[in-house]
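K.L.:
Sequence:
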Amino acid sequence: MGSRNPLRMLAVFSEMNDKRLDKLLNEVFTLINVPKGTVLYEESEPARTLYFVYTGKVALTVKDENGLVLELTRLTQLGSSFGTETFAVKGALYDSTACTLEDSVLVQLPLQKMDKLQTLAPKIADQMKRISMDRAAIKTISERIPTFRTMSAQKQHQMSVISQFVKFVAGDIIFHQDAHSENPSFYIVTKGCVEVLLDSKKVKEIHVGDYFGEVGLVSNKPHSATIQIPKNSDDVYCLKISNTDFKELFLEEPTVLAEFTLRAYGEDVPFVEFIKHPKARASFLEYCETEYAGENLDYLSAVENLENINKRRMRKSVLRSLSESIEGMKTRKKELCARLAKDIIESWVLDDSPNPVSMAGGG
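Read in order, the letters of the sequence shown correspond to residues 846 to 1208 in my numbering.
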């Protein structure tokens, strides 16, 4: 098979010779032709197979709390992997549904073949496991950090794909106070801790679950402090997101951006950014209820939620691949929007509403 071996096209196998590669394809991996509209696995099923895209197009979806289909991503790039939950932890479940949107050629690695891969190519096996564990760790981190809990399902999935784990050793300096990084990045500590230095003096430590590097990304200011690994520390691991990916990831996440902006600007933060933060929003709501009985931010939140659901696109090609009724899903969305609109009117708009909002326009 030689150079025609599809594994050769995947970066993880780039340094392996043809003979070993052919052996892997014959004994461990399987090349499969998958027709358009095939559901490869469903959300919450036991994870048993890892896949790589060779040709074609695959969609990953979930259903939200209202039963509406939410498309997380489309995989078209050669070598894109999915089903990585398979090797994350024993007994893992798929966290999404995967379906083909066109005739596709995929490379699959069943769970029961991992021991064989470990024997034939231990470095490759370890790398596969690492990819799976990294993705799982990122998901866990996003759920543990309050700032990221408000992120949409699409963004949490995107975060798991674009992030990378980086290792630092004792004494490493990640960046210096008052310096501008040419390629600033955002970091989340996943193992160990880092030190924060102001004018060469340690002022605090940043531990697992907290983050740094956001100041330079949202304000274009120089770094406000030096970040270094303690000199007698074990290796420290961080989740790293590049400047470009950071902006794409958080651009439409106002609550997350508000958190970063507050930390970057402090008391000088613009009000429009301040009010997006949940705690600031709650405080302002409490103030409004005291000073301005006619105003209610819950009303604005409810309207915003309705608008977001109404604007959500459900691609027909995805629904067909999932064997979902297009008209049925449209009807479900329409009924949901109607119910939410009715709740808004009864709760805030009618004269006898519990919390009537002033609807008078200006000018």
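In short, the hints are calculated from the structure, not lab data.
Be aware that one or more of the hints could be misleading.
Unchecked claim - Distance condition first, Cα-Cα at most 20 Å in a straight line; then the derived DMTMM-like pairs of lysine to aspartate or glutamate: (1) LYS1000 <-> ASP909; (2) LYS1066 <-> ASP1023; (3) LYS881 <-> GLU916; (4) LYS935 <-> GLU890; (5) LYS1179 <-> GLU916; (6) LYS935 <-> ASP867; (7) LYS984 <-> GLU1149; (8) LYS881 <-> GLU947; (9) LYS1161 <-> ASP1023.
To be verified - Pair ranges (Cβ atoms, derived): (10) GLN963 <-> LYS1047: 35 to 45 Å; (11) LEU956 <-> GLU1191: 18 to 28 Å; (12) SER925 <-> LYS868: 21 to 31 Å; (13) GLN963 <-> ILE1171: 38 to 48 Å; (14) VAL884 <-> LEU956: 29 to 39 Å.
All figures in this text were calculated on a predicted structure; none of them were measured in a lab.
Yeah, the Cβ is synthetic: ideal placement off N, Cα and C, and Gly gets one too.
K.L.:
What hint numbers does the structure not satisfy?
P.N.:
6, 7, 9, 11 and 14
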